[in-house]
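> This is what each chain is made of:
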Amino acid sequence: MKLRKGESLGVILFLAPALLLFVMFFIYPIFNVVGMSFFNWNGITDPVFSGFENYKDIFTDKVFIRSITNNVIWALAACCVQVPLALLMALILSRKPRFWQSFRTIYFLPQVISGIAIAMLWSAVFNSEFGMLNGLLKMLGLGKFATNWLGNPKTAFACVLIYGLFYIGYYMVIMMAGITNIDESYYEAAKVDGASPIQTAMHVTVPLIRYSVHTCITLAAIFGLRTFEQVYLLTNGGPANRTSLVVLYLYNQMRDNNYGGANASSVILIVVGAIVIVSIRKMFKFEED
Amino acid sequence: MSKKVKDQEMSFKFIWTPKNVVMNILKWILIVFFAVYTLFPLIWLVITSLKTNAEYFANPFSLPAVPQWQNFTNAFTQANLGQMIWNSVTVAFVGTILNVVVASMASYAISRFRFRGREIIFAAFSAGIMVPLNALMVPYFTIFSKIGLIDNLMSLRILYASIGLPISMFIIRGFMDAFPVEIEEAAIIDGCGFYGRFFRMILPLVKSGLVTAGTFQFITCWNEFVYANLLTSSPKLKTIQIGIRYFTNQFTTDYVSMYAAIVIAIIPSILIYAIFQKNVITGLTAGAVKG
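Heads up: the sequence lines are chains V and G, in that order.
Numbering-wise, our numbering comes out as the position in the first sequence, counting from 1, plus 1399.
The numbers in our numbering rise by one with no breaks, and the one at position 145 of the second sequence is 140.
Rather than coming from a laboratory, the hints here were simulated on the basis of the structure.
Possibly wrong hints are sitting among the right ones.
Stated by the list, open to error - The list that follows gives simulated cross-link-like pairs (lysine-lysine, DSS-like), each with its CA atoms no further than 25 Å apart: (1) V:Lys1553 to V:Lys1461; (2) V:Lys1495 to G:Lys273; (3) V:Lys1590 to G:Lys14; (4) V:Lys1553 to V:Lys1495; (5) V:Lys1495 to G:Lys202; (6) G:Lys231 to G:Lys141; (7) V:Lys1543 to V:Lys1553; (8) V:Lys1495 to G:Lys22; (9) G:Lys273 to G:Lys202; (10) G:Lys22 to V:Lys1590; (11) V:Lys1553 to V:Lys1537.
Claimed, not checked - Quick list of simulated restraints, FRET-style, between CB atoms: (12) V:Ala1545 to G:Ala119: 51 to 57 Å; (13) V:Leu1408 to G:Val206: 42 to 48 Å; (14) V:Gly1542 to G:Pro230: 39 to 45 Å; (15) G:Ala119 to V:Asn1635: 33 to 39 Å; (16) V:Val1462 to G:Ile20: 46 to 52 Å; (17) V:Lys1537 to G:Asn19: 30 to 36 Å; (18) V:Gly1550 to G:Ile142: 39 to 45 Å; (19) V:Asn1635 to G:Gln65: 28 to 34 Å; (20) V:Lys1537 to G:Ile20: 55 to 61 Å; (21) G:Val16 to V:Ala1588: 25 to 31 Å; (22) G:Ala49 to V:Leu1419: 30 to 36 Å.
Unchecked claim - A short, non-exhaustive set of chain V residues, derived as facing chain G with CB atoms under 7 Å: (23) Ile1491; (24) Leu1508; (25) Ala1516; (26) Pro1606; (27) Phe1683.
From the three backbone atoms N, C-alpha and C, an ideal C-beta is built for every residue, glycine too.
The shape of chain G in the complex, shown without the other chains (with noise of 0.2 Å):
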């Protein structure tokens, strides 16, 4: 049935009687309130960090008299965000890249193949997603010191792509799977082998899939804050939470740079969100509906 003819059947036809219009003005407030509560703070905090900390401590909710620039630039010299929005970046994307390149493969294998195994192996990862991986700090700490990449990027690369191999999977062979095992036939008929199929033949299919999965994942190495903090030690190796972070030791009286650079923090995952949204919210919906 087509979409428009779902959307008649949704809606009821509003009558105006008092009643409705009680509960339409609490729908209304529920509406708004939420909205509020989410937008609120962040506003705040933006025009909060163009304030000076004198207009600060005299009213929170006072407006700049000068939109105080300058608090962005204090926060990058003073902190040397420069060096861990740099430090998030690589970690972020190199644990996409591996996340969603070993996802892929592991997905076609379980996707298009009939062998033994196949939907215990993939029980196995579903279920990896419902583990709290917060209690595995000491093995974790314990590998990564054995093969001796304590305080190096290196192990979050690898933790972080790890980590995001259940959800990706789900969803990119969720997007596998709705392709049938019939167009494949005609590329082998064409002499198209294992290899050739998956490159040039599925994974272009399963695009929006890798998207989904991909966005998804970088949004989570980008704010993944525990084992960042657990794994790293160095200055120099701060990713971008941990150096927010910092500052509450840090200037415990500049509050507007503090500000400055959570706003910084936060740009990055709102502007993905902002560019891949549908994906986020049906990648979302992929893995959990099923579930």
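Looking at chain V on its own, in the form it has when it is part of the complex (with noise of 0.2 Å):
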């Protein structure tokens, strides 16, 4: 609709609150946070100019590798584990077993729950005295196997990282809407070509929904860049900083006053996401881009 007469101020004002919110706490945050990584500051006395000392002190850090190591394992596991096993469930759902409403509603259920409440029931399961692993374990006769898993630093990552990689209700309901969306003129040619189902699935349901899966990857890889509760409640980055994540990083120099190097390690994450998103654009190669 064109702009009637007296209807800019409307426009302007309805416009108005959404820019001054989104400007507060989107663009001046960014822009905040990438000019203070380039000062020294401990949140009390006035901010010094230090060049790139804060980049220097966390890249020579070993906490901080450890921490930018494991983010980039958590989204590719999320990209390589939770995504491709989503896709598996959408294409089963997608053809309408018996209940799939259902199972589709309990899959997504862990979604909706805090993140903190599920690390907690988690928290639970690893538990080394009274937990569900170790318990399940011994009634298996398997009790030689049973360990403090969160305290031992060859499970410590691991467990915080597998739980979470078998919710894959979110992924699969973005896959499912994609693959509804799909002519069914594609299905009568397969029908037609004689393909099984799997064929069908494989050349034509995937391609088509190349998408939804783009999107589902690229969700994937930032929300394993941002992860933060699982870790901070289940670990808080031990044993020996073995799990330590880089918002875990950079809440840790926040608690120590140490400003300058939290927003180092905030740009960083930044940077590697946005790289991270670029690529995984270039990896699809949509023709119509």
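Starting from two chains that each stand alone, build the complex the way the hints lay out.
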């Protein structure tokens, strides 16, 4: 609709609150974080310009290197395990097996429960004394494998990472919606050609929902990079920083009043995120774009 | 084409060959595995929250001899859960209403009117979905210190309303775009002004979009932990998510009350999901499929 006389004021008034909040909590913070990453600042006295010192500090800090490595592993695991599993289940459920709607509801359930509650639930699974996992192992006569899952440097990171990978509902629902939008004529053609259900899935459905798959992989990578709650609650980065993540690292830097270091690690996280989004886009090579 | 026809096209006739039977069994193993994986810990949680600590320590998988409902009252009184729930309720309600009001106003301007910068503004908002917000802890903390809202629930209400804007605008704009401009033009001829059309015509039309965005936003607010943890510190301002975590330090021996508190904390999310399930799922896909 073209703007009518006297309506520009309305449009401006209607846009203003959203723009104000967006500038305040998205645009300004990003510029602020980048700018302040070049200052030494304890949060109390005036910031002092220090060039790239904060970056030098975090890149020589073994804990930061361990954190960013963990984040990359986390993002890769989400993209390469969680999303493919979600795709598999999306293909299965969109063939509408019995009770498929109930299963969709169940799979999506963890998405509406807080990350903290889920993490506390899993701390009950991994608890060394009364945990479900050790209890199960003892019941099966495998008691010798029982361990302090979250305290053992060999198992801690795997434990905090793996449990979430099997919560596939979110990505599955996105890809199921993509499948619903596919035109029936493709399936008719596949049927005429005598394609089996698996062939149809591989050669018709999957290529046609590549936008949804792309969305899921991007989201999975971003979520992997910004994870915090699980680790904060289950291990707080331990044992010996084995499970540290960048957001936890920057949280701890903030607690130690090293705001410069916290900002530098924020910038690295944002930059890595941007690179990941762009490269996933490149990988998918959308002809239209 | 009608939905019925599509369902027929999608289903392949099942033929009893050994290969098909094996595939079918595999399929059901997968379906059941993911369902059990999701539900088992939750059911375990509810059962354990009704046991005594002694029963829990003796066997994590046993059933309670007598359901211990007082675990729930213990959780309430010992951790002041009532206050925390109230805090979460007010934060989530105000955060949701503010978010939906601001998002629908902006979506109206962007969806219905052509002006310079319109799509750039919308693209900027959409890009906001991808910003790793947890990386912005320092600036958020500084902003709220400067305006004097540290340790004040108002900071959470404003912040939650703001960080939910990109998603809400994506959803609400999608619903508004679905209505052709012509219906508004008829209203203009009848002398209906800018605000009249927004309040009396467009908002009622996109009601389900508002509910979808609101449901999403409410669940996000209710579940938020990182910034509630960062921006508040007084015990009387704790939200429920901070509250249940508090249990891990406070009652290291009273596990069953902790599990009762977790059950209390997740019931509202599950209830809202149960009521608005359709909205949650369509809202999610509206935003994501176009991505």
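> Mind listing which of the numbered hints don't hold for this structure, in increasing order?
Result: hints 4, 5, 13, 20, 22, 26 and 27 break, sorted rising.
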